[in-house]
Every structure is written in C-alpha cells, then in structure tokens.
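A.B. asks: Generate the whole structure from the sequences, applying the supplied hints.
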Amino acid sequence: MGSNSLSDPIPTTPSILFITANLPTPEDEAAIWIGKIEAYLTDPLNAFRARGAAVTLRTFQDPALTAAAIASTYTHVLFLAVDKYIHHMPAFTAFLDATLPEARRLNPRLRIHNPAAVVRWNANKTYLAELQALDTAGFHVPRTAFLDPATTDAPALAAHLAADARVAGNPSTPVVLKPSIAASGHSTHLLRSPLALTADDVAALESMRAAAAATQQQMGAMLLVQEYLPRVAAQDGADGSGGEWSMIVVNGRLTHAVRKRPQAGEFRINSAFKGVWEPMAAEGDARVPECGRVVAGRVWEWLVGKERVLKGERGETEVETTELLYARVDGVVGEDGEFVLMEVELIEPWLWLLDQEGHPGREGLKVFVDAVLDDGGL
1 MGSNSLSDPI
11 PTTPSILFIT
21 ANLPTPEDEA
31 AIWIGKIEAY
41 LTDPLNAFRA
51 RGAAVTLRTF
61 QDPALTAAAI
71 ASTYTHVLFL
81 AVDKYIHHMP
91 AFTAFLDATL
101 PEARRLNPRL
111 RIHNPAAVVR
121 WNANKTYLAE
131 LQALDTAGFH
141 VPRTAFLDPA
151 TTDAPALAAH
161 LAADARVAGN
171 PSTPVVLKPS
181 IAASGHSTHL
191 LRSPLALTAD
201 DVAALESMRA
211 AAAATQQQMG
221 AMLLVQEYLP
231 RVAAQDGADG
241 SGGEWSMIVV
251 NGRLTHAVRK
261 RPQAGEFRIN
271 SAFKGVWEPM
281 AAEGDARVPE
291 CGRVVAGRVW
301 EWLVGKERVL
311 KGERGETEVE
321 TTELLYARVD
331 GVVGEDGEFV
341 LMEVELIEPW
351 LWLLDQEGHP
361 GREGLKVFVD
371 AVLDDGGL
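So for the sequence shown, the numbering used here puts the first residue at 1; every next one is plus one.
Since the hints were derived computationally from the structure, they do not count as laboratory data. Please note that the accuracy of each hint is not assured.
Calculated cross-link-like contacts (lysine to any residue; reagent style SDA-like; alpha-carbon spacing at most 20 Å) [to be verified]:
| id | residue 1 | residue 2 |
| --- | --- | --- |
| 1 | Lys84 | Glu283 |
| 2 | Lys84 | Met219 |
| 3 | Lys366 | Glu283 |
| 4 | Lys366 | Asn46 |
| 5 | Lys178 | Leu57 |
| 6 | Lys366 | Tyr40 |
| 7 | Lys260 | Glu343 |
| 8 | Lys306 | Arg120 |
| 9 | Lys36 | Leu57 |
| 10 | Lys178 | Asp97 |
| 11 | Lys306 | Asp97 |
| 12 | Lys84 | Ala182 |
| 13 | Lys306 | Gln132 |
| 14 | Lys306 | Thr126 |
| 15 | Lys178 | Arg231 |
| 16 | Lys178 | Glu343 |
C.D. replies: Right, dumping it as structure tokens:
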C-alpha cells in the first residue's frame, strides 16, 4: 500500500481526462486515432474548453498514465471517448479495477464518470439477467438465455433452440445471437430459421466462441440467445412509435430521445449499418413515447442504487455520492404499448450531444457540461 498523499499537488481547476482505447504506439497511428476521437466528440470537448477546463485525451494503455499521474493531473475522468475498448479487455479491466481505484485513493476529490465499478458491470451484457429478473419492477426485457460459449457448439445451440417451446412453436420467427461483450452491433447475428441452422449461422457462432474464449475467465463472457423484436424494423406503428428508441438521460434528466430504424433488409440500426436516426427533444415533442420516458426514469433510479452496491462491493467509501452522469436507455414500444428494454449503455454510447442551433441534443450537452463542472468536487 502506498502513501495516502501525493508529492505533487492535487489539481484545483478543472482538468478533464477523456479515456481512449488506442495503442500508444506507433505514435503516428496513435495521433491519427486521437484526431478521429477529437472530431467525433468535437462539441463536448469544445464546450468544456469554452468553460475554461483543460481537456486531454489519453489511452488507458499508456504506461505513463499511472494512478499517481491521474491523481495529480486531472479532476475528472470520462469514458465517452473509449471507443473499441472491447478489443483490449484485459488492459481495460486492469485500468478499471486497479489504476482508477488507486487514483481515487490518492485523490479523493477525483470524479469518475461513469463510475469505474458501473463501467465494469456494464461492459458485460450479462447485466441484462438482472434487469430480466426485475420484470415486476416495470422492466420488460426481451426473453434472453445466457449460454456458456465453451460448451455451446452448433449441436448444443441447435438442441437449446429445439427445446425452447416458443421457438419450436414459431420456427419462422428469427432469434438474435450475440456475445455478451460486444459493441455497436458488431458480432450480432440473426438466426433467421432457428430450427435449421445454416453454414453462416454456424460460422457466426464459432467466431463468437473464439472471441469469448479470451474474456470468459476474466469477464464471464457468455453467449446471448435473445428474442427478436420485429418492432425494431417497423417503419411506424399506429401510434407513430415504430423503430428502436434511445432515451438519453443526463444527470438524472431525460434531455432528448432518438428514434432509430434500420435500412430495408437489415436488423441493426447502428451507424456502421446505416441506420436512420431521428433525434427529438424530450420536452414538448409528443412523438417521444410516454412509456419510454417512464422506463428511462425508473432505470436511472435503479442504477443509482446499483452504483451504491457495486461501489460497496469494491470497498469504496463514498458510496452515497452518485457519479452517474449519463445513460442511454434503448428499447422498443411493444404492440401492447409497453416499453421493452433492450440495453442500457453506460460506457461510450453516442449521445447526440451536439452544439447546433435547434438540435435536440443541445440541451443535453449543456446539462452534461454543467453537471461535470458544477459538481462541487473541486
């Protein structure tokens, strides 16, 4: 155990570290990566700079980014820029489990958004099992089974699907297969005929199993077999609520929402698959489904409690002070009018925080920056 204090003074003016996931060398490639992230998050970065904060982008794989360096240099650590972290999970988990807790010990005023304990939990989609178990609390999650990738080869998957009464009763209804550690829709595969696996289905399964092998022991990686929700691809519904919805919650407030719909013939709505996105303000726009507003609020309240539990399990002392800053609550409005919760993104989701006149995300950006700089931690 090291000293309880730093030889270097703790910073007292805002100095914000945006964590990235790139390799630190070669330096020219690292610079290109940082430049892309700068462009990607131009408006949030500039908004902080306009308020007088120093802003730095550094990778968690930088050997010089030690706990002492973080504690003595930065007032806030943010994860919104940590794109592609899933490709470096051992280093990322070490950063979350060791580096950041030590930095906080050295500098108790350090703010981490979202909290390292919550990020660690949210990095594995097995968190959906917890939400699935809370159906009586108003969280409706697509039916999801969690399978061990080490033992789920093609015959085992086929046997699992054949034993599922709903699949057997609706053999033409697709089923979603995806790894529990993934991002941006990559590696997600649609089993279009779940009782007759194709060569492409088997290839997708084996690719997921190979990727999971590297993270299963450390992170508990699993395979998810999930109910497919046709409403994701619905161009509209009778009430105008078709498609997937992202409810953007910033500092506990629903600031804006985005309706996302896939291209024809596609089931993924991510930018890599050219999904069509339609942002709208949370206040004053009747298109935002009320059921989505309600569930987003419930999810946030539940997450604040979950944060306390996770921090307590790690031995953190300031568990009553929430560091939750943002959440993207993704789901669809079911045919019964209920909001079906598909995912809760708490690490590096795209939040549409754009400083553009008339853009719905502009209010979210203001709330985001104010929450960081006015938190009273300095």
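A.B. asks: It remains to establish, for every hint, whether it holds in the given structure.
C.D. replies: Hint check results:
The suggested pairing of Lys84 with Glu283 is violated, with an alpha-carbon distance near 33 Å, which exceeds 20 Å. Taken as a hint, the Lys84 and Met219 pair is honoured in the structure, with Cα atoms around 16 Å apart against an allowance of 20 Å. Annotation: proposed proximity of Lys366 to Glu283 holds, straight-line Cα distance about 15 Å (limit 20 Å). About 12 Å separates the Cα atoms of Lys366 and Asn46, which keeps this hinted pair within 20 Å; it holds.
Taking the CA atoms of Lys178 and Leu57, the gap is about 31 Å. The hint is violated against a cut of 20 Å. For the proposed pair Lys366 and Tyr40, the alpha carbon gap of about 18 Å is at most 20 Å, so the pair holds. Proximity of Lys260 to Glu343 is assessed by CA-CA distance (about 14 Å); at most 20 Å being required, the pair is judged to hold. In summary, the hint linking Lys306 to Arg120 is supported, as the alpha carbons are separated by about 12 Å, within the 20 Å threshold.
Distance check on the hinted pair: Lys36 and Leu57 sit about 11 Å apart at the alpha-carbon level, within 20 Å; holds. For the hint pairing Lys178 with Asp97, the CA-to-CA distance comes to about 26 Å; that exceeds 20 Å, so the pair is violated. For the hint pairing Lys306 with Asp97, the CA-to-CA distance comes to about 17 Å; that is within 20 Å, so the pair holds. Among the hinted pairs, Lys84 with Ala182 is consistent with the structure: their alpha-carbon atoms are about 9 Å apart, no more than 20 Å.
Restraint check for Lys306 and Gln132: the C-alpha separation of about 15 Å stays at or below 20 Å, so the hint holds. Distance hint between Lys306 and Thr126 is fulfilled; the C-alpha atoms sit about 15 Å from each other, no more than 20 Å. Between Lys178 and Arg231 the CA atoms are separated by roughly 19 Å; this keeps the pair inside 20 Å, and the hint holds. For the hint linking Lys178 to Glu343, the alpha-carbon distance of about 13 Å falls within 20 Å, and the restraint holds.
Checked against the numbered hints above, the structure breaks hints 1, 5, 10 and satisfies the rest.
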